[in-house]
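S.K.: One-letter residues, chain by chain:
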Amino acid sequence: MENSIFVRNRSVPIFIGVLTLLAIAVTVLSEGYGTGALSVSFTKVLGMTLCLCLAALAMDLVWGYCGILSLGHFAFFGLGGYMIGMWLMTARTEQVVRANLQNAVIPPTEAEISAATASQIFSVVGATDWPWMWAASDSLILSLLLVVLVPGLLALVFGWLAFRSRVTGVYLSILTQAMTLALSLYLFQNDTGLRGNNGLSGLQNIPGLETVGQDRISIWFFWGSALALGLAYIGAAWMVSGKFGSIVRGIRDDEQRVRFLGYRVEVYKLFIFTFTGMLCGIAGALYYPQAGIINPDEIAPIASIYLAVWVAIGGRGRLYGAVIGAAVVSLLSTYFTGGRAPNLNLGLFTIDWVDWWPVLLGLGFVLVTLFAPKGLGGLVDVIVRKDRR
Amino acid sequence: MKKILLASALSLVTAHAASAEIRVGILHSLTGTMAISETTLRDVMLMLIEQQNAAGGLLGQQIVPVVVDPASDWPLFAERARELLTVNEVDVIFGAWTSVSRKSVLPVLEELNGLMFYPVQYEGEESSRNVFYTGAAPNQQAIPAVDYYLNELGVEVFALLGTDYVYPRTTNRILEQYLLDAGIPQENIFVNYTPFGQSDWSSIVADVVALGAGGQQVGVISTINGDANVGFYAELAAQGVSADDIPVVAFSVGEEELAGFDTAPLAGHLAAWNYFMSADTPENEAFITAWHEFIGDTNRPTNDPMEAHYIGFNMWVQAVEAAGTTDVDAVRAAMYGIEVPNLTGGTAVMLPNHHLTKPVLIGEIRADGQFDIISQTEPVAGDAWTDFLPESAVLESDWPGLGCGMYNTVTQTCVQIESNY
Amino acid sequence: MLGLLLLIAPASRTQAQDTAAGPLQTLLQAQADLVANASRGTVQQVLDALIASDLDGVPTLLTRWQARALYQRSSDGLFVYVETEGANPLTLIDIDTGAEVGTASSREVAQLRPNRGVQTVIASALVEFQLSSEDPADRLAALAAISRAPEDFHLPILQDLMATETDDDVLEVAEVLLPRLIIAFDRDDADRVAAIESLAGNVSIAARAALNPLLVTTTEVAASLPDGANIARVLEPGAGLSREAAYAMLVAAELAPPLIPRAQIRETLAAQVVDGRVGGLPVAQLNTEDARDRAYAALVAEGLAPPAPTDAEIDAAVSSHVFYEVYREPSQAVTTAARATLDGIETRVGLFRVLDLSLDGLSLASIYFLAAIGLAITFGVMGVINMAHGEFIMIGAYTGYVVQTLVPDYTLSIAIAIPLAFMVTFAGGVAMERLVIRWLYHRPLETLLATFGISIALQQIVRQIFGTQARPLTPPEWLAGSVSLNDVVSISSIRIAIFLLGVVFFVALWLTLNRTRLGLEVRAVTQNPRMAASMGINPDRINMLTFGLGSGIAGIAGVAIGLFAQVVPDLGSNYIVQSFMTVVVGGVGNIFGTLIGAGMIGGLQKYIEWLNPTNTLAAQTYMILFVILFIQFRPRGIIALRGRAAGD
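As given, the protein sequences belong to chains A, B and C, one line each in that order.
Residue numbering for the first sequence follows my numbering, starting at 1 and increasing by one per position.
Residue numbering for the second sequence follows my numbering, starting at 390 and increasing by one per position.
Residue numbering for the third sequence follows my numbering, starting at 811 and increasing by one per position.
No lab work stands behind these hints: they were computed from the structure.
Where a beta carbon is used, it is the ideal one built from N, C-alpha and C, also for glycine.
Across the chosen pairs, the derived CB separations fall in these ranges:
(1) B:451 <-> A:119: 44 to 52 angstroms
(2) B:776 <-> A:24: 50 to 58 angstroms
(3) A:24 <-> C:1252: 40 to 48 angstroms
Covered stretches of chain A (chain C as the covering partner; in silico rule of three or more C-beta atoms under 8 angstroms from a C-beta of chain C):
(4) 101–110
(5) 173–179
(6) 368–375
Just a sample of chain C residues kept apart from chain B, beta carbon distances all over 12 angstroms, derived:
(7) 972
(8) 973
(9) 1084
(10) 1329
(11) 1347
(12) 1446
Sequences are here, hints too, so could you generate the full structure?
M.R.: Rendered as structure tokens:
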């Protein structure tokens, strides 16, 4: 089966090859295992970019293949981050607390350790008790499960409600947007248990790996992100190449017709929606330990719109398009807002990239939508066609 | 082969460090929601560096500012801080505004042993080895303001209004406990949190006015942040709430926030800071003149965080000169006890807990958008861990003495060397 | 600097007296420190001395001191008047003779700035002088001072005034004030009850502020109910008062031994460790609560620790005492009357609150309506998702700001800004439609992306031009205040104006769409563009005009929103999601729907806020959740179009 994918979809072997080469190159150039030409911060940027590519891949499945323009998929991404973040914070803080309480005259009870951990974590929001949603935070296994289950469950419930009542097209987009807005406002509240506007921070310090430097950890996460992206790519390619893929594309092109053919359109849409929600959750869980902090701002509606824009720029309906779009736009953004791009002197007027980059980006969206509806991925078509001639 | 690669890579990295210059990283948002406040701080840092260079630089070298834009995006603060420390190899960072951004940068600073000066009034409950806090801790702003309410205005009913994030939350928690200790009953403390950028204030102001029905003097303590103040004060003015009826003391409203909007209806409302532009001292006059000259606009106000950067930068310069190097550990050791004149008179001293001594000023808003300073205390020592919350009262920070920023005086142990993030 | 003054002041006192100081100066110098650093708690002393002196200059001195025209010279501590603040140099005037005594720069003198608390005390001292003044304005000021800080000696003064007062305005204020003073300070209970009853149905804050203090209670505990106390109610442990709270009261009153909390057990154990053992257990085993309890019990048995009260002891202690609330006011007749009057008032206040809440909801709804109505046209009528709609609102607001910087008269500038904002955003909308949107009519989801790009570009361009600072858009004087029915129901004028603007928009749009040729054509194109084209309508032109109209309305909405909120580059993005929800909830393609949608969202948000007044964020969250659920049940909104126009 695997083989057939590699044969049927030529982009899969190419993509996996490129990804592997990238991973090797980064490892060789990294500070952790190689020459040190790539700084730790840039390794982290690359790792995080791969996670964003994974989210974009999910977005492409749901929008490019199934035609559901979800403007809320970053909510699932953020939830994944929150789920792993809870474990990271709990485990790290508990270690600190344990080490400190061991010195006390009377040895601490488990309840005292738990209470002290909670008060360390929640003192910033003025609480001292564990909120209910932290119940699984002391177990890595459970937290990893929740990374997939919680975004999946939210996607399932939301999708079931929406698809059942045949909310489609623009309405669905606005509804998903409302969903991510509601979630971010909910998390912004200090009382809801996830530390409000502070979010979860210090996530780059992995409990149990205190002795390992960030130079190594950044590479491990880079590998992890690359592996996740590679697997997801193969899985997605397999999914869209078979009969399932044809039906899903059919739904995109004419939902009514597919329904009249006797397929239960809602089930297919719900499956794709939930599956991509889970993918985003995994991407988020890999992203935030590299970023170091997650906060409700991350899932503000604009983040999800950006996700859609990356896919549009890269080219919808082709898996590598999404990856290219996400990688190109986010890396360019990093470059131009990092203060290292030289100012452009136009004689009368100096363009400071930090200030003008958003303008350029916005106009870029417009131009791509107008003149290159197939996105950057469309370039591949041109090249391939030349090949065949 | 590997050796050559390594060497060339090393030379790439060390190329910067070899040149005779000192690098100062400026980590303030220039785009996004926080740009409104932080851009000014970037400018003031550029001015201070320019002045220092004109005066011969530092240790005989020129200071080069490295400006980056974390774009009001909290994870980006950590990323940019790492870049500043490892790629640009800066000797010190001046930056951050919101508490979230500071908490985002902290782990990176502590991992890489960087040094940062944080210029904004904040909620306290923190003392990192790698951060010097040049803004006010709660006992240098909030507590004196509440004392003023209790003693001078005779306020008995308190409305604590704040934007929903950590600074107002923690400050209000401390104040609530402080008020309870002062004998104000729980039912006389009304607390409300609103989102960033709140514009619909009519019902909240009406709620506050209704508190007067108990027949006691009502006072508002506002930790409302940024833009939301515009709507809040407009609504106060519209409902005719004068400072005589219900005074409002704000901890986040300064000259910059009041700039340009009609303050006549707000005259008499209060703000508590460690600096006001209207302070009548020669140092302040020189600072304002230099600022106006640098920015090329005589209407631009100066404010409290700008003074904090002024003090912080001058302290750092003195510490570097005393240590004879920009090495972080040497500079930190030289920082303690360093004195720099405040712009409002008196001197700021760097304490072992990485906070400053600062006078607390209470100002009344004037019709021209400036403040009348009506009360100025002797310099107050900043307290990293508040004395008014039972779990914090036992904590102490003393880096040179105890080597710990979170020392439990009851169990006599260091709770942790790194900070809570 | 003040510290410096303190040092100088005592030394210079004699010097000031040597130079033949006037009597006022001498009086002030005698307490120079209290004058210079006046505090509410200590200033009374100075005032008493001044008033007792009965000097002619005292009222002037107090008035000027209160108005911050009193200065102190740093060199010798001399108190002087300064008439023109901010002059350089300042002209110093003697406080006794009124003669000029010299000049000084602002750093050579200290302006004495009595704070509001001190000002109130001074105003209170001025009351007697002001009440005997010829000028009714002075008498009104005196009454205002009494109202702010009533004292018992004010009551006879006020009664004297009312016997002789001729000015109607003063009399009116005094009549309102009198019952409050009687209630607070009169000694005769019958008079007080009469005064209380005269306030029946009065919902003003002042009336409630007079009554509420009478009903303040304290909770007390005793072995039996005391005689003669004005008891409000008896509390039953377990019902009105929890058992723990009751026992805590007993402990506080030292009528029962305290409970031993967990932390205290640990500390007691830690203090009693001998050779690694305490209470017969090795320390290492004390990591469970159970083990600690056993060790503690062992300590108690040895008499090394106080015993914790048992449950039975707690029950016995609680049941052998009475817990009750007692009024601070001793007279039962007064409290009964106050209770009855206040109950009546509070019912009325409740009703008025509902009215006020409805007005707030209506106001919020009209803001949402204004923000969304342009969108209802472009999105609802044309099916175009314009993510840059918010930026048109923002551009409208900035247009208003620019006009205000050019035209200083606020009324005129608003009158210019509204049509100008319409024109600017209309032009912007038409340009956008021509350049971008019209190529994407068959790809509605992609207009979303293209317009999103325009949105972030516009935001950043505006940020480049105007900076990140919030810009003021000041309403004209006549819109600055508020209209209030009483102390409960009031709404700011600007909100009324926005509401009226919303109504005007609604009517104008409805008429345009239903009564004009353009409206007919728009509806035709909406329903079936091809058919419309074959009837001689140019759909291109109609689309362009419709889009321009929608954008233009957003511009006007921007001016209105800017007047009550803050003008910042991301002004629009704060409204965009809400606006889309308003349109979707109301039903696309129908301005009635938008009206109802805005009404529902605004009203609902205010209602949820009222349920949980301490957390505005929660209200917004639940409102959005409600919208999401609502759409599940009415996917096409409240007013769903039927037939062909419903599309897909």
